[in-house]
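Visitor: Its first residue numbered 2, the sequence shown is counted upward by one per residue in my numbering.
Keep in mind the hints are simulated off the structure, nothing from the lab. All values derive from a computational prediction rather than experimental measurement. Take these hints with a grain of salt, some might be off.
With a straight-line Cα cutoff of 25 Å, these simulated DSS-like cross-link-like pairs (lysine-lysine) come out [unchecked claim]:
1) K84 x K224
2) K56 x K80
3) K193 x K238
4) K184 x K166
5) K80 x K133
6) K221 x K238
7) K56 x K97
8) K150 x K97
9) K94 x K224
10) K94 x K125
11) K224 x K56
12) K84 x K56
13) K56 x K244
14) K244 x K166
Across the chosen pairs, the derived CB separations fall in these ranges [to be verified]:
15) L75 x R241: 32 to 38 Å
16) N136 x K184: 19 to 25 Å
17) E159 x R197: 17 to 23 Å
18) A154 x R241: 40 to 46 Å
19) K166 x S145: 36 to 42 Å
20) D208 x Q239: 23 to 29 Å
21) K184 x E90: 16 to 22 Å
Glycine is no exception: its CB is placed at the ideal position from the N, C-alpha and C atoms.
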Amino acid sequence: SHSGSSPFTARHAYHTISTMMKPVLIGALAATAGALNVHSAVKEAADECTCLQWKDAYASHGAECGDVHEYSVLGSAPKFLAKMVVGEEFCTKFFKRVEDNFCVSTHFNHAEDAEQQWCYVSSKCQSLGAGKAVNERVSWKTCSAGNDKMMNAVTPTELADMAVKLDLDLGLLAKMSWQVPNKWSHASTTEKEKARASGMPKLFDSDSGHPPFRAMYGDKLYKIDFLPAPDGVEAYKQGRMGKVNGLSCEFGC
């Protein structure tokens with residue numbers, strides 16, 4: 002028989018501590034789970050608003066080329082007419098083959114400085130900016146520099162590499178990506194200086210609207226022009242769009 006009170010055993014101590022700690026641990030776990038839920042909800046919302054690859058948007062998400070700004074080159078022309086006139090050049094040979102999810106300008110060959118850029122997203126996306134739903138499966142949104150792959154800041158050499166890699170016409174890609182302040186022959190010294198000082202790539206059109214174009218990027222001046230045969234015009238006929246136009250340096254690069 003023991004004299005006095007029973008000894009305070011290790012098991013007893015463990016039980017007491019674990020009983021005291023349980024609410025604290027449960028609270029901590031709940032807080033962590035809550036934070037993870039918020040994090041995953043934020044991530045899910047971000048994923049829902051990630052730009053879709055252009056090729057996928059048309060092939061798998063129910064977007065139809067011409068639903069949004071693909072034919073902006075023709076202004077407000079009806080879609081069936083635009084398709085007849087530029088469908089092959091802009092859809093078949095451009096948008097539908099883009100295996101990338103970059104954002105392009107809402108207006109082709111735009112002169113405005115603050116032109117928005119856009120892409121297709123899942124219809125679940127709630128942050129569409131100036132965009133809207135296209136159908137039950139897909140919407141379009143205006144892009145933002147922090148979250149999306151904006152083409153307006155891609156450098157001339159990067160753009161030329163992308164055109165080859167994705168097999169796209171560099172001239173078309175440039176006019177979908179960069180501001181076009183003026184035609185090169187009409188551009189004043191002030192306009193050229195403004196383009197140089199902007200730190201962003203700027204494109205100057207030709208009188209005909211066909212290459213050669215001039216691209217300014219800081220102190221560098223580039224030319225975008227048809228590549229010599231067997232590329233260039235031949236490449237266009239064969240659908241080898243990445244070999245239609247090329248980039249060359251005119252000054253400072």
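Visitor: Take the hints in turn and mark each one as holding or not.
Guide: Going through the hints against the structure:
The straight-line distance between the Cα atoms of K84 and K224 is roughly 30 Å, outside the 25 Å bound, and the hint therefore fails. With a CA separation close to 19 Å, the supplied pair K56 and K80 stays within the 25 Å bound. Taken as a hint, the K193 and K238 pair is broken in the structure, with Cα atoms around 34 Å apart against an allowance of 25 Å. With a CA separation close to 28 Å, the supplied pair K184 and K166 exceeds the 25 Å bound.
With a C-alpha separation of about 18 Å, the suggested pairing of K80 with K133 holds against the 25 Å cut-off. The suggested pairing of K221 with K238 is violated, with an alpha-carbon distance near 32 Å, which exceeds 25 Å. Among the hinted pairs, K56 with K97 is consistent with the structure: their alpha-carbon atoms are about 5 Å apart, no more than 25 Å. For a cut-off of 25 Å, the pair hint linking K150 to K97 stands: about 18 Å separates their Cα positions.
Of the pairs offered as hints, the one joining K94 and K224 holds, with about 22 Å between alpha carbons and a cut-off of 25 Å not exceeded. A distance of roughly 29 Å separates the Cα atoms of K94 and K125; the hinted pair therefore is violated under the 25 Å criterion. Between K224 and K56 the alpha-carbon distance is near 29 Å, which puts this suggested pair outside the 25 Å criterion. Taking the CA atoms of K84 and K56, the gap is near 17 Å; set against the 25 Å cutoff, the hint holds.
This hinted pair checks out: K56 and K244 have alpha carbons roughly 20 Å apart, not beyond 25 Å. For the suggested pair K244 and K166, the alpha carbons sit about 10 Å apart, so the restraint of at most 25 Å is met. At roughly 25 Å, the beta carbons of L75 and R241 sit outside the given window of 32 to 38 Å. Separation of N136 from K184 is about 38 Å and departs from the stated range, judged on CB atoms against 19 to 25 Å.
Between E159 and R197 the Cβ separation comes to about 19 Å, which falls inside the hinted range of 17 to 23 Å. Checked against the hint of 40 to 46 Å, the pair A154 and R241 fails, with Cβ atoms roughly 28 Å apart. Against the hinted window of 36 to 42 Å, the Cβ-Cβ separation of K166 and S145 comes to about 25 Å, which falls outside the hint. Distance hint check: the CB atoms of D208 and Q239 are about 28 Å apart, consistent with the given range 23 to 29 Å.
About 21 Å separates the C-beta atoms of K184 and E90, a value consistent with the hinted range of 16 to 22 Å.
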